[in-house]
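Chains A and B supply the protein sequences, listed in that same order. Start counting the first sequence at 15; every next residue gets the next number (the working numbering). Start counting the second sequence at 404; every next residue gets the next number (the working numbering).
The hints are simulated quantities; they were obtained by calculation from the structure and are not laboratory data. Do not rely on the hints blindly, as some may be mistaken.
[To be verified] As a list, the in silico DMTMM-like pairs of lysine to aspartate or glutamate whose alpha-carbon atoms are at most 25 Å apart:
no.	chain 1	residue 1	chain 2	residue 2
1	A	191	A	260
2	A	98	B	438
3	A	304	A	219
4	A	201	A	175
5	B	596	A	260
6	A	337	A	217
[Said to hold, decoys possible] Counterexamples of contact, computed for chain A against chain B with all Cβ distances above 10 Å:
no.	residue
7	32
8	123
9	218
10	223
11	330
12	352
Glycine included, each C-beta is placed from N, C-alpha and C at the ideal position.
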Amino acid sequence: MATAVPTLGRGAAIGIRSVSKHYGGFAALSDVSLHIEPGEFMTFLGPSGSGKTTTLNLIAGFTDISGGHLDVGGKSVVGVPAHKRNIGVVFQHYALFPHMTVGGNVAYPLSLRRVPAAERTERVKRALEMVKMTDFAHRYPSELSGGQQQRVALARAIVFDPPLLLMDEPLGALDKKLREWLQLEIKRIHRELGTTFVYVTHDQEEALVLSDRIAVFNGGRVEQIGTGRQLYDEPATLFVGRFIGDSTVLRGAARSDGTGTALTIAGETVVTDKRLSGGGVPVMLIRPEKLRLQRRSATGAGDGLNRLAGRISEVIYLGSGSKYEVELADGSTAIVRSPLGDESFAIGDPVDLLFSPADAKLLADDRSADTTLT
Amino acid sequence: MSGSDASTPARSDANPDRGSPRSGGSAGRAALFREGWLLVLPALVVLCAVMAYPLASIAVRSISQPEWGLQNYAWFFGTPVNLTVLQRTFTISAWVTVVCVLCAYPYAYVMTVVGPTLRVVLILCVMVPFWVSGVVRTLSWVLLLQDSGAINSALRGLGLPPVRLIRTQTGVVIGMAQVLLPFMILPMYSVMKGIDLRLVQAARSLGARPSRAFFSVYLPLSLPGVYAGAIIVFILALGFYITPALLGGPRSTMLSTLVQTQVLSLLQWGRGGAMGVVLLVATLVLLALAAPLMRQRHKKTGAR
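The following block holds chain B by itself, in its conformation from the complex (with noise of 0.2 Å):
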């Protein structure tokens, strides 16, 4: 109540500015600023409570307890099988990210090319997984992947030897790539509908093949899509707990498990709390390494 009344005396100042945007100065701008800023002032809120409050206090913790110093990096670095763990993680981060867009690259172009019905179809396919939660999706993995699992009597049917799929890093790249796979699909769309078929169409009368057509038209055009889904599902999948703990076994533990392990079973804060930093660092590097290509793709389009 208190923010609605704060807010309602700036908004009726700001409206005479409004009504002439592009003839005023600094002071349309200055108002319209403030009106901006003060909507994003909940999500800021929010975002500063349950984000920023938590993270700053996590990396407190990993340089203060049990004691001042860097003695939980220290043991974390020290340790060979944490950073196997850490090499793993972005290992299997990787097969995930690699799996969905090649799973999603043509559904999303399927997408772009069917009726609107059909699409209505395909976009609920893909968002049904939102709606069931991830501990029943990741539990019907186990009945589909397990040694006596749906794929592998389906092989025995077929007289072909049985795979091992549960508490393998396959099966959980499989996993894992189900549920990620909207995070790939939508940005990939989005991207992929504003891609103007008759260039294609273009490059044929021109003397390309269809493929020739595709790899030097369609999918530099399709790129930024890829590129902006391919982060979301590395970053999410870097993060993943429960897929990997129910799916994994020992040999495929990710560094959220240590870090629960560290936490919860061990409370030893300081050190999950250096396992998180260490994450979300390697995080940030990775980003700034793909943005000046990202960056570049976006000149290129011409989207400006």
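Okay, chain A solo, but in the shape it has when bound (with noise of 0.2 Å):
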């Protein structure tokens, strides 16, 4: 694959200093600032209504910014009209045009460059073998899959050579299996091209797999970026403790003092050698793999852990282990994962949840964005 990679460390740096986007009286993005690396990876992940689609289409200069400064490769591109920018850009619906065969949808972006013919062939070709499309040069864009439609699409916003390609939702459409080896793929391309990779998405688990780091978007503001294993061991809110993978959430009647915070939770009271900095109502976070689950009637193996009643509620198999729902005695929930070879439990066995005081991740139980832990 030697010859495949022209452009190897040729992505494009990307600053974003307090932009915002007004709709009318409608503010989609407020004082957004994030700084991409080139040749990052980076995934804009929330929930839909965040602004993480409004900041990829000021990027790809489909809108302009109501404020701020918005540089790609050290340039300002603040007024640029979109197909100025040289930026490719992959779409969730596809977007190839349906009256041109695949290898026309490619050669489209070099025809308006007016690259010759003969190297014009040659890039189609190099491009369509990236996404191993080779052999469907000569077929429309209906005659292909959804997934086939995609990689061609990808070809096209690639074969141009950009610094930067931005994809929005690219396998939102797709069928899971599909997008798992998809994500695969892309992630391959990242590494042969160098490009500065921008990737949006609601799918937490696909931001994973996918990122280099991983931007937090939530109701128009950036919540946390941070590399995936940040985001999930050290989230800045509670909303990035939610959002990314699995938690059980704890509230309750808090205390703190000098050593840590204590919540009473019906009655049982947990501690954590954290406090909160910033004002608010402190909840506890704790990851699934965190927390242990003990038969009600037996003892011991509790010193220096905190213990809260519950019962099973649900038991996932997931072939690695379990997953369990147990219901705590204030009604909430808590989510458990068991490794293999871990006692088992049915639905409505009474268990004791057992969970270290410095797992317990302290947060405030609202949405601002300006939280930290001490």
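Given two chains presented individually in distinct reference frames, assemble the corresponding complex, making use of the accompanying hints.
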């Protein structure tokens, strides 16, 4: 594949500083700042209406920013029309031209750039090779499956060697198996091209599989930027903690002192060594693999651990282990993941939920973006 | 009454087959065909009665009146004025088609992008001409186009020289284009509303400036609607009678006027019939020439 890497290391950096976007009185984005490194795979993750696609459209030039600064490759692109930005875009709806063949679609950006015919043929061939669609060059898009169409769209978006590729939920319309396979293909292509990729999705698993870093969007703001691991282990907000991976959120009467915080939930008290530095009502967030289940009758092994009484309400067999839902005394639900070989439980079993004070994250029970942990 | 009596047993026979249309082989399809045939029967009867029979009778008259032979066709092609009028009929129809395409294209496009309320208003504006009698509409064009009419008064008011519109080909084209515009707009609209505007956005992202994105993506995808509308308008224009008769002068006579003169004024049914047949054959030839063009477009847009 040595011939297929003509642009290695040629990714563009993106600088977004205090960018906002208003539609009439509605703020689709407010004060978003983030920096994307050259060649980085950055994912914008968030629920629909969180501003992630709006940000992508601003970078692509489909809409103008209402305020702030937007740089691509070190140059401001504010006011530059979409066709002059030289950015590849892959859409969820493929957007292949139905009146052109696969080859014609992929050649389109090259003919716009007046690339000579011989070179054009060569580059179309190379782009189709990269997405493994060489045999389909003479077909029309209507003759292809969704996955094949998206691969052609990807070839069309990279054939002109853009330093930046934007992908707006490109796998959203495909089934799970195909999606997982194409995720790996996209990762491979990113590695081979060295182009900066910005990927929009609402699927946190997809974001974790693909990305170098993830920006979590919510309500027109960026809640947190970090690697998947950082977001999972150290969520900055309750929203991020709940959006990335499974989690159990404990709410109760809170009491903080010099050594930490205690929550009293339906008569039982759990503690953590953390304190909330900002304002807000503290809640605890615990990842499912940090929780342990124990039969209610059993004693001991709880020294220094928090203990909450509950009852198994759902058992999900995962192959590599089991996932339990446990109904707690206050009516809330805890999610526990136990590895293969651990004691197994049935629905209705009374259990104790154990976790170390160090494994509980303390977060503010609201959606403010500037809450930090001590 | 007797028609429905006849169809009822046939339909109840077909019902068991229709219960499993996918599994059924030729039996189900035959039943479906029988039913479909019954459904088109009334239209077919009317069509035969009001179209096929008169058409055949005209064709027969053209070779049998006043006596059997091709003398009516010999007369048609041997009289220079007839050929001039035939050619003019095609020229005027072509101009009407061009004017309609140019006016209808942006109108139909706007219909696809405006909100639902404005779209209803725009559709109503298209449909209103259908609800007004053709004669009344043409007479209102007389008021607008005549030498002392609204257009020339306005031009004089602006200090511009008057233009001669009434009893010219220009006047005929304007009047006919207005009458035929809905037949162009509606097929265009139905094709354009199926075009995904995000394709244009995709073209922009690939480096196409707006005009290039239009000509390379939107226009080709809208062409089936343009062809469909153009063929309808062109063929309707070929047979137009009232508008050219009222708005035109001696130098803008169309074939239908000549037919009328031959048949009603001179009682030359044979000659009138020959003219009708010539116009029909010329139209069919033109359609045959246009057909491959349309077929190819359909394949390319992937309507399969």
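Cross-check of the supplied hints:
Restraint check for residue 191 of chain A and residue 260 of chain A: the C-alpha separation of about 22 Å stays at or below 25 Å, so the hint holds. Between residue 98 of chain A and residue 438 of chain B the alpha-carbon distance is near 59 Å, which puts this suggested pair outside the 25 Å criterion. Our distance criterion of 25 Å between C-alpha atoms is met by residue 304 of chain A and residue 219 of chain A, whose separation comes to about 19 Å. A hinted pair counts as satisfied when its Cα atoms are at most 25 Å apart, and residue 201 of chain A with residue 175 of chain A qualifies at roughly 17 Å.
Taking the CA atoms of residue 596 of chain B and residue 260 of chain A, the gap is about 44 Å. The hint is violated against a cut of 25 Å. For the proposed pair residue 337 of chain A and residue 217 of chain A, the alpha carbon gap of about 20 Å is at most 25 Å, so the pair holds. For residue 32 of chain A, the condition that its CB be more than 10 Å from all CB atoms of chain B holds, with the nearest at approximately 25 Å. The beta carbon of residue 123 of chain A is not kept farther than 10 Å from every beta carbon of chain B, the shortest such distance being approximately 4 Å.
Residue placement check: residue 218 of chain A keeps its beta carbon more than 10 Å from all beta carbons of chain B (closest about 26 Å). Residue-level check passed: residue 223 of chain A sits 25 Å from the nearest beta carbon of chain B, beyond 10 Å. Against chain B, the non-interface label of residue 330 of chain A holds: every CB pair exceeds 10 Å, the least being about 38 Å. With 10 Å as the threshold on Cβ separation, the claim that residue 352 of chain A sits away from chain B holds: the shortest Cβ distance comes to roughly 47 Å.
Checked against the numbered hints above, the structure violates hints 2, 5 and 8; every other hint is satisfied.
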